[in-house]
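Q: Below are the chains, spelled out letter by letter.
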Amino acid sequence: MPIHHDNSPPPQAQTGAPSILVRELNYRYPDGFHALRGLSVAIAPGERVGLVGPNGAGKSTFMLHLNGLLSGEGEIRIAGLPLSKEKLPEVRALVGMVFQNPDDQLFSPTVFDDVAFGPLHMGYGEEEVRQRVAEALAAVGMADFAERMPYHLSVGQKKRVSLATVLAMGPELLVLDEPSAGLDPRGRRQLIELLDGMALTMLVSTHDMRLVDELFPRILVMDAGQIVYDGETSAVLNDDAFLRAHGLEKP
Amino acid sequence: MEALLDRFISVDSPIHCLDLRVKLLATVGFIVGNAAAGWRMAGLCAAAAAIDAVDQRIRAVAGFGALKRSFIALPFMLAGFSVVFATPGREIAQWTPLGLDLRVTDAGVVRFISIMLRTWLSVQMAILLTATTDFPALTHALRHLKVPAVLVSIIAFMYRYLFVLVEEAQRLLRARASRSAVLPGQKGGGGLLWRAKVAGNMGGQLLVRSMARADRVYMAMQARGYRGELLTMTRHTMQRRDWQAAALMLLLLAAVQLVGRV
Ligand SMILES: Nc1ncnc2c1ncn2[C@@H]1O[C@H](COP(=O)(O)OP(=O)(O)OP(=O)(O)O)[C@@H](O)[C@H]1O
Ligand SMILES: [Mg+2]
Chain Z
14 MPIHHDNSPP PQAQTGAPSI LVRELNYRYP DGFHALRGLS VAIAPGERVG
64 LVGPNGAGKS TFMLHLNGLL SGEGEIRIAG LPLSKEKLPE VRALVGMVFQ
114 NPDDQLFSPT VFDDVAFGPL HMGYGEEEVR QRVAEALAAV GMADFAERMP
164 YHLSVGQKKR VSLATVLAMG PELLVLDEPS AGLDPRGRRQ LIELLDGMAL
214 TMLVSTHDMR LVDELFPRIL VMDAGQIVYD GETSAVLNDD AFLRAHGLEK
264 P
Chain S
22 MEALLDRFIS VDSPIHCLDL RVKLLATVGF IVGNAAAGWR MAGLCAAAAA
72 IDAVDQRIRA VAGFGALKRS FIALPFMLAG FSVVFATPGR EIAQWTPLGL
122 DLRVTDAGVV RFISIMLRTW LSVQMAILLT ATTDFPALTH ALRHLKVPAV
172 LVSIIAFMYR YLFVLVEEAQ RLLRARASRS AVLPGQKGGG GLLWRAKVAG
222 NMGGQLLVRS MARADRVYMA MQARGYRGEL LTMTRHTMQR RDWQAAALML
272 LLLAAVQLVG RV
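Residue numbers (the numbering used here), protein chains in the order written: chain Z, 14 to 264; chain S, 22 to 283.
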């Protein structure tokens, strides 16, 4: 299937505020490790951005800040909202966050319960929740697994269900931490098509440079807690020396 | 271990559809009544037979798993062993280990068997409850019964983290097993002290890793809108059937008390 880029403006574009705005973000883990060193970035509504960088660069750490699960020094605004205590529930409804490790994402007795968790806690009624769960599971090709136990799925299946858990919440912003890791070629292709068909703001970390090339016109390269490149994907993918310097390679 | 914990059985049975509060109160009522009943067992056994017969489908699905689970309270049952000696009655055996004078009485033996049976029945009842009620619904029922939210949250998290702990332990054990290779003709495993050290380290690892994982699971819940209260989609308005079941259970409990005290 040919890849097409849907560039129609998403609904919330008019509000003007960037989807993600981060200024001078610094974070130290409790053990003192300085994981984020002065990160600044702005992502406009509807933009799709790839986040790459070597292991330990701080990608996951950065993503955990985007719905207030970690809070470092600096400013973060999501769709114009600060991550204050009062605004957090609102922000979390906007940000669909999928963790790197699906075992952290899935915690309910059945796949259905796990996917229903988000919409249920957002306050939707039973009918609506059921419908959202069905749609989300269908979107990731896991409709037949609703009654299974999440712990007993394969890694790739867990990954898909993880994605469904946030799709069911109808977020405006997808933050995905290595969504294609562990997927078989068909699953990966389905993921690319699924993401490509959604008019959402996306920030997706990955080591899969081909995925970046296909989906993300803009790329952030992180290394050692800093953003070392922020710009057009095509430019970076042709700079062999730069890629090698940051442990990356051409697709 | 997992067989011990994966308890909810997803079929539609009459018990599955009962109101949560009825189920919960019936279980608690049964267990309390059971503990308070005299040691004559006839009535209780009848009640147990009735409960066992209530849902063949559940028993069929639960099968061996349920049987295994029902011995979860075995250590507690054995703690009651001392009544064998402590209850006054006709002496049927004497035992003098280490200068102790232990006399087994007939009343003591009957009482011990009664305790074993009653404990086992109580566990059965709890298993029936958990097999027919999914856990979020159970915690939700506790909230409806006006149990404080903090307490219910603690219960909910203890439950979830039990899985976390078991999963981490399985991972660690698997990692150890897969690297515990032994060359032919060699004695594997190292000395006792070394093994003890490995086991000790693994215990520490288990704690640290479980806590870290518990942290991340909590994050995942927060990320999806958890604000301190678990919600459920299980229906909970009392219907006629629920009142009937409640009344039936009440009668049964009263009957057991009467028969048990004769
Ligand atoms: N809980 C923690 N405590 C202390 N240091 C941590 C913790 N979690 C991560 N780190 C450190 O922070 C740094 C960034 O980790 P992070 O997980 O964000 O990297 P990443 O870019 O996502 O890497 P990967 O590509 O392997 O997923 C690493 O050096 C890591 O060792
Ligand atoms: Mg990571």
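Derived by calculation from the structure, the hints in this document are not laboratory data.
One or more hints might be untrue.
Pulled a few chain Z residues facing chain S out of the computed Cβ check, cut under 7 Å [what the hints assert, rightly or not]:
#1 Gln113
#2 Asp117
#3 Pro122
#4 Phe130
#5 Leu133
#6 His134
#7 Ala159
#8 Arg161
Some, not all, of what chain S presents toward chain Z, calculated at C-beta under 8 Å [stated by the list, open to error]:
#9 Phe102
#10 Asp155
#11 Glu188
#12 Arg230
#13 Arg237
#14 Gln243
#15 Tyr247
#16 Arg262
Just the calculated beta-carbon pair ranges, DEER-fashion [as the list claims (entries may be wrong)]:
#17 Leu172/S to Arg36/Z: 35 to 45 Å
#18 Ala198/S to Ala151/Z: 51 to 61 Å
#19 Gly50/S to Lys100/Z: 38 to 48 Å
#20 Ala235/S to Arg257/Z: 36 to 46 Å
#21 Arg197/S to Gly29/Z: 33 to 43 Å
#22 Leu172/S to Ala258/Z: 49 to 59 Å
#23 Arg111/S to Glu160/Z: 14 to 24 Å
#24 Leu193/S to Gln239/Z: 32 to 42 Å
#25 Pro43/Z to Thr117/S: 19 to 29 Å
#26 Trp141/S to Gly87/Z: 36 to 46 Å
#27 Gln191/S to Pro198/Z: 44 to 54 Å
#28 Glu160/Z to Val53/S: 29 to 39 Å
#29 Ile175/S to Gly29/Z: 57 to 67 Å
#30 Leu166/S to Gly244/Z: 36 to 46 Å
Don't be surprised by glycine CBs; every beta carbon is placed ideally from N, CA and C.
Q: Are the hints correct? Go through all of them and say.
A: Cross-check of the supplied hints:
1. Gln113: violated, 10 Å
2. Asp117: Check passed: Cβ of Asp117/Z comes within 4 Å of chain S, closer than 7 Å.
3. Pro122: holds, 6 Å
4. Phe130: Interface hint status for Phe130/Z: holds (5 Å vs cutoff 7 Å).
5. Leu133: Result: holds, 5 Å to nearest chain S Cβ.
6. His134: Check passed: Cβ of His134/Z comes within 4 Å of chain S, closer than 7 Å.
7. Ala159: Constraint on Ala159/Z not satisfied, violated at 10 Å.
8. Arg161: Given a least distance of 10 Å, the restraint on Arg161/Z is violated.
9. Phe102: Since the shortest Cβ distance to chain Z is 36 Å, the answer is violated.
10. Asp155: holds, 6 Å
11. Glu188: holds, 7 Å
12. Arg230: violated, 12 Å
13. Arg237: holds, 4 Å
14. Gln243: Interface hint status for Gln243/S: holds (7 Å vs cutoff 8 Å).
15. Tyr247: With a closest approach of 6 Å, the Tyr247/S hint holds.
16. Arg262: violated, 20 Å
17. Leu172/S to Arg36/Z: 35 to 45 Å: Given about 42 Å between the Cβ atoms, the range holds.
18. Ala198/S to Ala151/Z: 51 to 61 Å: violated, 39 Å
19. Gly50/S to Lys100/Z: 38 to 48 Å: Holds - the Cβ-Cβ distance for Gly50/S and Lys100/Z, about 46 Å, lies within 38 to 48 Å.
20. Ala235/S to Arg257/Z: 36 to 46 Å: Hint holds: Cβ distance 40 Å, inside 36 to 46 Å.
21. Arg197/S to Gly29/Z: 33 to 43 Å: violated, 56 Å
22. Leu172/S to Ala258/Z: 49 to 59 Å: About 55 Å separates the Cβ atoms of Leu172/S and Ala258/Z, which means 49 to 59 Å holds.
23. Arg111/S to Glu160/Z: 14 to 24 Å: At roughly 57 Å between Cβ atoms, Glu160/Z and Arg111/S fall outside 14 to 24 Å, so the hint is violated.
24. Leu193/S to Gln239/Z: 32 to 42 Å: holds, 35 Å
25. Pro43/Z to Thr117/S: 19 to 29 Å: violated, 59 Å
26. Trp141/S to Gly87/Z: 36 to 46 Å: violated, 59 Å
27. Gln191/S to Pro198/Z: 44 to 54 Å: Violated, at about 30 Å.
28. Glu160/Z to Val53/S: 29 to 39 Å: Given range 29 to 39 Å: holds, Cβ gap about 34 Å.
29. Ile175/S to Gly29/Z: 57 to 67 Å: violated, 44 Å
30. Leu166/S to Gly244/Z: 36 to 46 Å: violated, 59 Å
The structure fails hints 1, 7, 8, 9, 12, 16, 18, 21, 23, 25, 26, 27, 29 and 30 (numbered hints given earlier, in ascending order).
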